[in-house]
Amino acid sequence: MLKEYSFEKTAIQTFADNVPLALRTEDMQVFYGSNHAMHDASLSFPKNQITALIGASGSGKSTYLRSLNRMNDGIATVTGKIWYHDVDINEPDVNIYEIRRHIGMVFQRPNPFSKSIRENIIYALRAEGIKDKQVLAERVERSLRGAALWDEVKDNLDKSALALSGGQQQRLCIARSIAMEPDVLLLDEPCSALDPISTVKVEETLAELRKKYTIIIVTHNMQQAARISSQCAFFHLGHVMEYTPTATMFSNPQIPVTQDYISGSFG
Amino acid sequence: MNAKQKDFLATITINVIVAAVVGILFFLLAYILISGLPHVSWSFLTGTTDSFSGAGGIGVQLFNSFYLLVLTMLISIPISLGAGIYLAEYAKDNWRTHLIRSAIEVLSSLPSVVVGLFGFLLFVVKFKIGFSVISGAIALTFFNLPLLTRNIEESLSAVPRNQREAGLSLGMSKWKTEIGIILPVALPGIVTGVVLSAGRVFGEAAALIYTAGQSAPVTNFADWNPMDAASPLNPLRPAETLAVHIWKVNTEGLANNAAQLSAAASAVLIIAVLLFNLGARVLGNYLYRRVTASK
Amino acid sequence: MEQTNSDLKPNDARTDDWTARLHRATRATREDWLGRGISYLCIGVIILVVASMLWFITSKGIATFTQNHVNLWKFISGTNWSPNQGQIGALPMIVGSFAVTFAAAIVATPFAVGTAIFMTEIAPNKGRKFLQPVIELLVGIPSVVYGFIGLAVVVPFMRHLVGGSGFGIISATFVLFVMVLPTITTMTVDSLRAVPRFYKEASLALGATRWQTVSRVILRAATPGILTAIIFGMARAFGEALAVQMVIGNAAIMPKNLISPAATLTSQLTTGIGDTIDGTLPSNALWSLALILLLMSLFFNALVRLIAKRGQLSHER
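Chains as they are written, first to last, in full-length UniProt numbering: chain P, 1 to 267; chain D, 1 to 295; chain X, 1 to 317.
Among the hints, a few may not be true.
Partial list, computed: chain P residues near chain D (C-beta under 8 Å) [to be verified]: (1) K3; (2) Y5; (3) S6; (4) F7; (5) T10; (6) F31; (7) D93; (8) V94; (9) R101; (10) R109; (11) A124; (12) A127; (13) I130.
For the record, the hints were derived by calculation from the structure and aren't laboratory data.
Here a beta-carbon is modelled for each residue, glycine too, at the ideal position from N, C-alpha and C.
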């Protein structure tokens, strides 16, 4: 039996003015039709750090993440403000394609295009008008190196991406995202479909990417959150309950619901 | 009679029924091929028809059938592609979309003779274009659009959602994602559907007798300027197709060898349609392997 | 690796004005306008075609009653069709159309259902490998070829068997039977396959024979689907023109029996429309026949929807 927890008692950290923020949400609500899936989410994401979003399935963490780069457009109604470079990107007249250029996303299941490895990376670049072969080749190498995939595929760039293993496909998807040179990278349980060895590779990649990008990652794997993130947000039934430095969350959770979740009594 | 006996009897009955169905098909094919093929010769395939008796070769009709098919596909593929993309990507789940879907369903269930009559009314009676290639091609387009649209929509929708998300998350437009990412994956299904519909269009006659007409004026196969009246490409000339020819020879023909003629023409028609069916399968499988290839 | 983010960005001068940067139209926005435009246009064309088809045929079809002041009831119940003499009783064609449609459906249904049971319950393997292509081939054969075979084989056969010309409702029924058979079979197969496996397993586990299971469980569960299949077959038979026109004899008189020449709505249209002058009573009368065809096709369509709705309701219960 799931205990009833009060949604009144939360512990959400804020950051000092001198901490540069990449992204910030203010009172974000998400509705699927009449289903209120996300309540008053107000979180700030510091630049060049990894923030993990944890919680049981159905807690709203993926919903929250997908709202950040407007991937929920046409699927759900998202209200509230999403601040990016002091622009509220949740406004209807914002150019959503441009936003997604700056805030990239990697999904739960690897979803490479059914094209060659090279095409996977340059397709969207060419769609933007980059035609120069040398520039494109440079981007391919740089992004594949960034995703720690270069050494494994450099001789087979024209091979179909579908021939790669699941872990390689996921790193290709990461490479494809960083080839667009975004500021922020959103990852939605990127390792849930991968084996442990591939998971380690992806985690190493993320640790490296943190130097250039701000990373927000949804994970249901608490060990993973503990290993890679600087701060952690805990979601419960569509509410953000606690947002603290990762060390604090796992050693000294502030509120009962987080304590119970961390200790494994539900979820 | 007990349950076991009833079961036995039912099984026997069903087997007899199946044998009858298979027998009918084999009889049909055998009848057409055996009575028709001996009369199919090079001169039959390329010769011209005597305009009074309907006797003679089917060269012009064969050309007309292919010409109409190509024109029909040229008009209907782009339109149904756009409409299919609309339904798969842009249409919201509301009353307007329901209405649109119902309209397409109505169009696909209309008898082809009604579609042909509409074409007759529009092009021959109202616009006074007369029996012509272009009237026929547009009538066939009306008849082809709903099936092709549905086929394209289904093929596009069958592509996993995560491919769309991948494209959109890179900042690509919906349109670019659909054309550049989704369409290539859906292509095997679309091509199969297109070739199958080509077979249907090739054999269609009821929509054509009052649009493309029932006469095949001798054309000058050395003149490929579509503007010339005698050119085979002239879109304004009447163009009896092979299927219409079979109907015409059988109902109004005065040729004393009408049965032979139409058997031979039917054999050609059947072989063409079979080739389309076979082609659809082979091409679809080939493309499917290419798209999902792990080479 | 030391390049900054914006080094290679193609379309922005390194502006710090993020408000402008995130609001202005880019290539992607323009592409989407274009794409929206193209796809809306295409669907618009289809809607326009359907709407004008309904409008034109309806307005032409009711001209007989509004302009020529023919009594609607007389049109439907009259048995004398001689438009040139001003007599337009459409009953012979209406009866002809319904007769061949029902007869073809009645003959074809047992064959179709039997074949479908064979393909799904008795020999699924043979069904898929062998019968499926047979059925698909039958669908692919053009209707003029059916008409030709009807003319070359069925009509002479009937002539030998019962005398007379051989043209008539029974020949048309036979041709239509073969034509609707694949339609009904394919859709019946689909609905039999859609019956959940555990229905069948439960019945067999209770000791029922295969036939008991098929007749009492599977066919019952698939009834809405089979009905839909039959209606689709009837719609095809009702609208089929040339194959019927070639074997029915085309005499616009009340059919006295099944073996004398008769006519259907479609056969009368195909035979007549080319010989009339637009706007005259004979022409308008034919358009009224076309209107009946159109209405019947809408009716079949509505019937299929109704069954689908009913089926859904009974599943939800």
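Quick rundown of the hints versus the structure:
For the restraint placing P/K3 at the interface with chain D, the shortest Cβ-Cβ distance is roughly 35 Å, beyond the 8 Å limit, so the hint is violated. Interface hint at P/Y5: violated, since its Cβ lies 33 Å from the closest Cβ of chain D, which is beyond the 8 Å cut-off. Of the supplied interface hints, the one on P/S6 is violated, with its beta-carbon coming no nearer than about 36 Å to a beta-carbon of chain D, more than 8 Å. For P/F7, the suggested interface contact is broken, since its CB lies about 30 Å from the closest CB of chain D, more than 8 Å.
Because the beta carbon of P/T10 sits about 30 Å from the nearest beta carbon in chain D, more than 8 Å, this interface hint is broken. For P/F31, the suggested interface contact is broken, since its CB lies about 16 Å from the closest CB of chain D, more than 8 Å. Restraint check, P/D93 versus chain D: the minimum CB separation of about 16 Å is more than 8 Å; hint violated. Annotation: P/V94 was flagged as interfacial toward chain D, and the flag is violated, the nearest CB pair being 13 Å apart, outside 8 Å.
The restraint placing P/R101 at the interface with chain D holds, with a minimum CB-CB distance near 4 Å, inside the 8 Å limit. Interface restraint check: P/R109 against chain D, minimum CB-CB distance 6 Å, threshold 8 Å, status holds. For P/A124, the shortest C-beta to C-beta distance to chain D is roughly 4 Å, which falls under 8 Å, so the interface hint holds. Taken as an interface hint, P/A127 checks out: its beta carbon lies about 5 Å from the nearest beta carbon of chain D, inside 8 Å.
Taking 8 Å as the C-beta contact cut-off toward chain D, the hint placing P/I130 at the interface is violated, the least distance being around 13 Å.
Violated hints for the displayed structure, listed by number in ascending order: 1, 2, 3, 4, 5, 6, 7, 8, 13.
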